[in-house]
Amino acid sequence: MCNDRSSPASGAPAPAAPGTPEGDAGTSLWRDAWRRLRRNPQGIAGAVIVGLFVLVAVLAPVLAPYAGTALPGRGEITPTSIPGIGEVPGFPLGLDRFGGDVLSKLIWGAQASLIIGLVSTAFGLIGGMLLGAIAGTFRGWVDAVIMRVVDILLSVPNLLLAVSIAAVLGQTPSAVMIAIGASQVPIFARLLRSTMLAQSSSDYVLAARTLGLGKGAITVNHVLPNSMGPVIVQGTLTLATAVIEAAALSFLGLGGGRPETAEWGRMLTYAQNELAIAPQLAFLPGICIAITALGFTLLGEALREALDPRSGAR
Amino acid sequence: MLRVIGKRLLLLVPTLLGLSILLFAWVRALPGGPASALLGERATPEAIAQINEAYGFDRPIIEQYFTYIGRLLTGDFGNSVQTNRPVLDEFATRFPATVELALVALAIAIAVGIPLGYLGAKYYGKTVDHVSVVVSLLGVTVPVFFLAFILKWIFAVQLGWFPPDGRQSPRIDATHATGYYVLDGLLTGELDAAWDAIVHLVLPGLALASIPLAIIARITRASVLQVYGADYVRTARAKGLLPRIIRDRYILRNAMLPVVTTIGLQLGLLISGAVLTETVFNFAGIGQFLADAVFRRDFPVLQGFIIFIAILYSLINLIVDVSYSLIDPRVRVQ
Amino acid sequence: MRHSARRRGLIAAAVLTTGAVALTGCVQSEREEGGGGGDAGAFVFGVSGEPVSLDPAFASDGESFRVSRQIFEGLVGVQAGSADPEPLLAEEWDISDDGLNYVFSLKEGVTFHDGTAFDAAAVCFNFDRWRDFEGPAASPAASYYYGNLFRDVGLEVTCEATGDLEASVTLSSAFAGFIPSLSLPAFAMQSPTALEEYQADDLGGTLEAPTMTEYAQEHPTGTGPFVFDSWDRGASVSLSAYEDYWGEQGDVTDITFQVSGDPTASRQALEAGTIDGYDLVSPSDVGVLEENDFRIESRDPFTILYLAFNQRSDSNPELSDPRVREALTLAIDREALVSQTLPEGTEVADQFIPPVVAGYNDDVTTYDYDPERARELLDEAGIPEGYELMFNYPTNISRPYMPNPETTFTAISGMLEDVGITVNPQANEWGEYLDRMQGGTDHGIHLLGWTGDYNDTDNFLGVFFGSDSFEWGFDNPELFTALAEARTAADPEAAVSQYEAINEQIAEFIPGVPLAHPAPSLAFSPRVESYPVSPVNDEVYNLVELAD
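From first to last, the protein sequence lines are chains B, X and A.
Position in the first sequence (from 1) plus 219 gives the number in my numbering.
Position in the second sequence (from 1) plus 289 gives the number in my numbering.
Position in the third sequence (from 1) plus 44 gives the number in my numbering.
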């Protein structure tokens, strides 16, 4: 569904390969990118949001008054009433249906989102890298077969792919991460292959080849490191996708573990039943998801523009 | 041209065959089966076995697959386990709802997305641009179902401006000849029914529009930016042409090509993307039925509906490609 | 350039706003019209899903029966507000001493919607029809109730018209619950003419692909107060009053069963005025709706929510130890569970049948909340602190006896953890969940329940404990025999005391914990002045009273 943001095949300005001779070369490309990034207000906003998010996630044990699954307010809730924001001392953002402290759960939810995001992005990245590297290194029929499969998978809307995978995996806590990660594999594979193709026709690869270096060595030492720019951009954007998709999977009733787990998508899902008496239970986690995803997207877009100045040129 | 189209249509066959195999494997890999979902608490192992036998779910999967394909060739997509009606009929009754919704969403996305993207490009780097970028990004970063909830909560529940769900008010006595409620109302002259159907389309249309709106805005912005820097625009400016003429004749026309492609692609995605929106707004389209089929493990519906959607998606893509080559003679259909 | 762009933008904004204003204006005016009451007899009821079949003989789901109860009537009805059988199309019946022969005297002057007279021949046509189902029609997916109560247990039913308005029905063996079972909508009387004309028994062509008949989709024909009008797929089913109805017609002239989705969506539809009422109100919505002058009606509980122990569990074989089962029972504070997570009107349970069902034992052994004793018992049984117990629950489902499984699960988990047990939560989607509970041994303790179909003890106890099952995983021949004897008792009075003894037997055996009898509630707009609530959902809308 959200696959424009993540799919390089969609017609958005494709990230050009960094390191292609254009103006400066080598390390100054990254320095240049950094300079451009600092000047981009959207990028700064994104970085600030992401920074705050990571800080909250990492410091959750210190910041949160209660543990994520604790139900300190179990005695305060009844079927027809749930204390809201500021209604019970000790629970500034109120309680949820299970008697959990909403503030604590939002804080722990940041950590859960960060873990889901990182693990599934890593999963997608590693899987995509393997496929892309194999295809890009061996070419020929290996390439053809892998890319054919990747193309078919890319034609399925990303969220639908994740839902299909998660539905088969059943309701285990890791299902969501695996499903989101796996649905990102084709995107990363295609991205890596295309950047690697661009790289391998570049001068320094030619030079390395003339020096008699092996295929594998060239790939690992030269092509891959120089293909990292677009991958970093895509990785940042995937973090945003992961946060949103994790919520969507939760909403569709996929993913396992305990119902009171501190996870934004889960909180939002259970809040549906209580919309009449406690709409804040839906709004708070929903806003957290949107802001976090926005942060990663802004940062990712800014990185893209920074690494590829042409995409934003007038 | 016709030969190319014919070739593309022929290519559909192996693609659909591959898809049907994947689908069949996926559906059978889902934990649980249709029988227990159907019987509920009353399911006993014997009753489940009887139902699986009746539907042939107990036979070897390869045999099931070939039986299924054999039936498909005669146009028989099997019956829904849940409703006991032919899958084809179920699709036909629900399809118009989704088409109506998708068209409304697309209209909203175009009407808002293109101006938004254009303004962003025009005021590149200025506040307007930042606003345009953030708004379009919000479109993809706010989860669709959350947006749907907010829209419904504010405009239907709190303000009461729009109906909270459904396609038409049950108190309206309307005749449905085509299944397209708006069209039905107009055809039969029941204008109140048509209007009622339109009112029911607004909120789900807005929710469904969010993602394509964002994408269209982004593509428009990027594409206009590119054209701005093009030599012919510079030349036109140098010639002293009126800004309006430059915008209409040079910039917009040239910048619209990628936008048109995107719009075409979005239409296909909208139909599959309707699952979440239809669920929240209880909008009786194919998306809602499909989501339900996943939970009820209604195998024939899952297989049939997804194949229909894939065919539709491919056909829309083909039409987009063809029309693209008509707009721009430099492009050839491949 | 800058100018015109801005102007365009303004125009666009203006168009959008006027559009929105026009739209809202229209919705509001429409609503006023609705309030003005052009169609005073229209009653729109919000349902969570469509009926499966309009032919009740081929239905077993609540939504199908909700509709068919308006269209059809059976020989036996249900007393208002209770679960007990009372005469309906049969005015009275005589039962032979051996409990095998039933002679029904039929009501006079009743006609089906198609004009066919209701007589003994029509009654026997229906009995014969059920008996003669074959092929797909005899699958549990189609004629579930007939199969379950008669066909599958080898109970043969023969019917003979001994007079114009007298039908004699003979059973091949005694069945204490025969009369109450006839109050099930599945055994409602249908017009022989219509059944034949629209080939009601011809379910699809092949075994692999049974389809609903034309009759079940377009031509259901009964004797009830409402006639089928139309079925708008995915959206609604419409009925209208039957002019020649033999009984009282009432205020309602048109019924629309509108699909209004989950409880939250239904509540919003009720508040927006799109529907007049809906069933299974979410417990958390009750207070808000009452505050806003909506009418809340609660059914007397005819449900049971239980926590089952699987004595053949792969993960927790210790559940076969009665001390462990008793300890788990003592660890659960049912009072707190009910007050914190279940709807108002819910009764705490100590048996697997609701109090109104025959055979309810007032002196049954109970296990009151006692965490100390629970810990001691666990200790005695050699269960270590932190013992991991698999706890299964379903997700994304709301049942009349279990409005919100997740909250019930969380509350019980907390109680178990208080006595030193580590809960291993296992969630599954509904269908998958049932498969896992009823089709294998890979489960520990789990939540499930039952809504009674009619007032028959066997419809509860026999379903749960009638035979060895995967769900409970025990073989208790003594209990199985006792249940079989009570079921086939010729004398209903004797059956009652047998069931009382069985309830005690179950309480001592502790196959699981009966938790509560949740009371489902309905909500209505203020224009609905009264609604005939029934514990077994026998709610016919000619008894609905509407304000003028």
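In short, the hints are calculated from the structure, not lab data.
As the structure is a computational prediction, the values presented were derived from the model and not from experiment.
Here a beta-carbon is modelled for each residue, glycine too, at the ideal position from N, C-alpha and C.
Any given hint might turn out to be false.
The calculated label-pair distances, taken between Cβ atoms and stated as ranges, are [as the list claims (entries may be wrong)]:
1. A:S126 - B:P311: 45 to 53 Å
2. B:G433 - X:V302: 51 to 59 Å
3. A:D246 - B:I371: 39 to 47 Å
Now the hints, each set against the structure:
Checked against the given bound of 45 to 53 Å, the beta carbons of A:S126 and B:P311, roughly 50 Å apart, stay inside it. About 43 Å separates the C-beta atoms of B:G433 and X:V302, a value inconsistent with the hinted range of 51 to 59 Å. Distance hint check for A:D246 and B:I371: the Cβ-Cβ separation is about 42 Å, which falls inside the suggested range of 39 to 47 Å.
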